[in-house]
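**Q** So the chains spell out like this:
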Amino acid sequence: GAVVSQHPSRVICKSGTSVKIECRSLDFQATTMFWYRQFPKQSLMLMATSNEGSKATYEQGVEKDKFLINHASLTLSTLTVTSAHPEDSSFYICSARSLVDQPQHFGDGTRLSIL
Amino acid sequence: AQKVTQAQTEISVVEKEDVTLDCVYETRDTTYYLFWYKQPPSGELVFLIRRNSFDEQNEISGRYSWNFQKSTSSFNFTITASQVVDSAVYFCALSDRNYGQNFVFGPGTRLSVLP
Chain A
1 GAVVSQHPSR VICKSGTSVK IECRSLDFQA TTMFWYRQFP KQSLMLMATS
51 NEGSKATYEQ GVEKDKFLIN HASLTLSTLT VTSAHPEDSS FYICSARSLV
101 DQPQHFGDGT RLSIL
Chain B
116 AQKVTQAQTE ISVVEKEDVT LDCVYETRDT TYYLFWYKQP PSGELVFLIR
166 RNSFDEQNEI SGRYSWNFQK STSSFNFTIT ASQVVDSAVY FCALSDRNYG
216 QNFVFGPGTR LSVLP
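Line by line, the protein sequences are chains A and B.
This note's numbering puts the first residue of the first sequence at 1, with every later residue one more than the last.
This note's numbering puts the first residue of the second sequence at 116, with every later residue one more than the last.
Chain B with its partners taken away, still in its complex shape:
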């Protein structure tokens, strides 16, 4: 069975601090996909990144960066120089090669960025 763990339930940081959100996953599949979504207070899911299991390169997009470590089954997300607008719940998710089937969300991490 697939499982995603986000050990940090809530994180509070002061604006301009860097923050890392942890994600650890479990799967028996050799081909799988990992995702990060942002859910602001308004509720919609904002897609941030998709990474397949064969691409272990880290990725940077503006203030966001992702560290995929297959050896530790982790896909951590770092926000550099956090801003108040980054306040949201962030979900890590895991899907098998068929995407929709077995699409599992982690419990989420609520990030509060204080001014």
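Chain A with its partners taken away, still in its complex shape:
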């Protein structure tokens, strides 16, 4: 089945650091990738949608200058949390989809902890 790899699985870093999370589709070409954020004991909330080669579309309330998304190839999207602060600590999950009528496949998530 379709596999999406997310790296790293866990990051702990100091406040002010920028952190990059990678999301790779291993056995299919992902024309669209999605980034979700999940705070403790809450549901997953869509942050942004990115189509390969295009600028990401951010959901309301998500700062595009804070959460930089790059989807430069059909198998890789990155999310960079710039100048991270403790309130950015969360579980970030990506998903990827090949075609518009195909389901999303989720990565295993990245647990980000900012000290």
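Don't read these hints as lab results, they were simulated from the structure.
For each residue, glycine too, the CB sits at the ideal point set by N, CA and C.
Check each hint, because a few of them may be wrong.
Partial pick of chain A residues on the chain B-facing surface, computed with a CB cut under 10 angstroms [stated by the list, open to error]:
#, residue
1, Ser9
2, Phe34
3, Tyr36
4, Ser43
5, Leu44
6, Met45
7, Pro86
8, Phe91
9, Ile93
10, Pro103
11, Gln104
12, Thr110
On the provided structure of chain A, position chain B as indicated by the hints.
**A** Quick look at chain B alone, frame taken from chain A:
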């Protein structure tokens, strides 16, 4: 707008009991998809089932069964003879015909199965 409600925030059962997790959805689309995901403590999302709006047949997979009632906009999930390994957060989700766009997760139900 699409919305998913999971009224049960937390459920605790004793091993071997049956348990039903409720899911009620709202959508104006005539074509849509419903999902259930399991999120164990490790964080990854485990896909359990996808059902399209035109297929109202109930489904059984081992100890899992799903009851789709379009008339009440519900897609309930039952675990028969629960096991400790079933302890997790379970999310019901709703997507429009384009899958990725408007993919909405419910708030989740935390299931604890006690030995």
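**Q** Determine for every hint whether it applies to the structure shown.
**A** So, going through the hints one by one against the coordinates:
no.	hint	in the structure
1	Ser9	holds, 8 angstroms
2	Phe34	holds, 6 angstroms
3	Tyr36	holds, 8 angstroms
4	Ser43	holds, 5 angstroms
5	Leu44	holds, 5 angstroms
6	Met45	holds, 8 angstroms
7	Pro86	violated, 19 angstroms
8	Phe91	holds, 6 angstroms
9	Ile93	holds, 7 angstroms
10	Pro103	holds, 5 angstroms
11	Gln104	holds, 6 angstroms
12	Thr110	holds, 9 angstroms
Against the hints set out earlier in the document, a violation occurs for number 7 only.
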